[in-house]
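Engineer: Here's the letter readout for the chains.
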Amino acid sequence: MLKVVHRVAQLGVWAGGLAMLALAFLVSVEVVLRKVFLIGLSAAADLSSYTLAVSTAWAFSFALLARAHVRVDALIHLLPRRAAAFVDIVALVALTWFAAVLVWYGFNVFAESYARDARAMTPLGMRMWIPQGLWVAGLTVFLATCIAVLARALALMARGRVGEVSALIGTLSTHEEVDAEIKDAAERRRVAARPVDAR
Amino acid sequence: MILTGTALLVLLLGTSIPVAAALALLGLILSELFTSFPLIRAIGETSWGAASEVIIVSVPMFILMGEILLRSGVAEKMYDAMVQWFSWLPGGLMHSNIGACTMFAATSGSSAATAATISTVSIPEMRKHGYSPKLFLGSLAAGGTLGILIPPSINLIVYGVLTHTSIPQLYLAGFIPGFLLAALFMLTILVVCVLRPEMGGQRMRPSWSARLASLPSLLPPLALFAIVIGSIYAGWATPTESASLGVVASLVLAAANRRLNWDVLRTAIEGTMRSTAMIMLIFMAAFFLNFVISATGLTRELTDLITRLDLSPLETMIAIVIFYIVLGCFMETMAMMITTIPIIEPIIQAMGYDSVWFGIIVILLVETAMITPPVGVNLYIVQGVRGDGRLNEVILGALPFVGALIAMIGVLIAWPELALWLPNLWKQSL
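Protein sequence lines correspond, in order, to chains B and W.
With my numbering, letter number 39 in the first sequence gets 39, and the count goes up by one each step, no holes.
With my numbering, letter number 109 in the second sequence gets 1109, and the count goes up by one each step, no holes.
Because the hints were derived from the structure by calculation, they are not lab data.
Just so it is clear, CB atoms sit at the ideal spot from N, CA and C, and this is done for glycine as well.
Keep in mind that the hints are not guaranteed to be accurate.
Examples of chain B residues toward chain W, derived with CB under 7 Å [claimed, not checked]: (1) Val13; (2) Ala45; (3) Phe60; (4) Val70; (5) Val87; (6) Tyr105; (7) Asn108.
Could you put together the complete structure from these sequences and hints?
Structural biologist: This is the structure in structure tokens:
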């Protein structure tokens, strides 16, 4: 189950990131066309805002699995490990609640746009249910990820594997953060030192 | 209502509930307690509004640009040039650190990216030339914070969106304080190294011909700066569009340095989307909370309360500065900004302060938060790149620079024109 979730989160992030890259090029082309050739397209602003909403919604799962959703962890470090793992689960329950609220009320926004066939009041005139539908789909994947991770964490807790609970949903401790940065820096040096593309 | 709200917020955040969920829960509870209408029903609309706010598009674009630049090989040559020009001062390479950070800050909107990029090139030099690590690492952590003060700046964009302040004006306001702060950091290094020479290391005597030969390596960052910042004031692009231009330009630079490949792109994309997702989830929750807060009239009540306390504007400002310095020790800086700015900024306005000027004060406070423990992101980044030794050395080494930052905040409160002169000049020219 968790494997599938990882896979979907990974794909969501790449798709969203590539969309962002494509958007950067589109916007740049629009600026150049406008300034140099005096051709005014005005699609990019609309598309920017839809891309932002959709690609971030699809990236929420990835951020959850990377434990990147920020928590204030000054106090939790003072707790014994078992209690800390329990607090981690409570925190995840709260996040799952928020994801569910977003899906529920976000779906209403989508459904209403669909029922009224609402269009954006811009030259592009996008049918709003299209970006909103993709947005709610991303939020739904986020909710599914929350539930899958929560189920796994509860199962681990029930079997007393506290360390694994922390590794799955704990806050990134100073130690791990530094480890991740070191890995990242080593990676950077490796990439930087790689001989020029041997073609 | 204020007391309940604050107590609940502290409680929710203190139990380490994710900041986004905590803000949404607070919104729900406040709405249940103080209004007759279930405001939670609006969360779909407010969240879509926040998620599709077009100005925010520049946030992922600037993060992406930083991630690409970090791996583009631009920093190495730039750092070498800075070594040629600054390493003769007492404190040697540490001045080059500040110079390189200042230069990189003018192309990067993020402090973490600035600290990581310059640390990666300069820490090997620290070892080679036998510098004492403390102050050297501190200068990197502190210099990195210039990333969000000198435009472009992700945090200034977020401030602009939260307070409906003009981003071009905020950018202009950041310039003079940015260069002044860099000078102040250099002065700090100079004073420490003159008083205690053992904190420094080898000074160098580069020749003038080497200095002049190094100048062309400053061209790529200058070109990038011209594209990203110049395009805004030339009227070619909006601040959002300029960030996209920056992404494309940094890709071109990376390709020109033969550093562009799938690995680089994949890591850059994953890093960008992870940070953006974290920020956007909090943003969506904060938009809902702000909607509840304005519906319940809490902001007005808070402003009334402050007025009744009968503090002078200066006393209020000092209280706010202390509040942020303390909070910044415990809270991630972007989360701290999104949570507090919508509540604090109206008070500032009621006191007769300028919003653009306060934006720069907030950035200086965020910079301070980034190099104060236990939660100081730049300290961890520098320590991470270094890879050995103790974090405490970085923390101690950054302390003199915390002093410089607080001095800078004082200077800016005493002379607001330092921030406001350029934006006012620009407003008159329009």
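Engineer: Any of the earlier hints contradicted here, and which numbers?
Structural biologist: none
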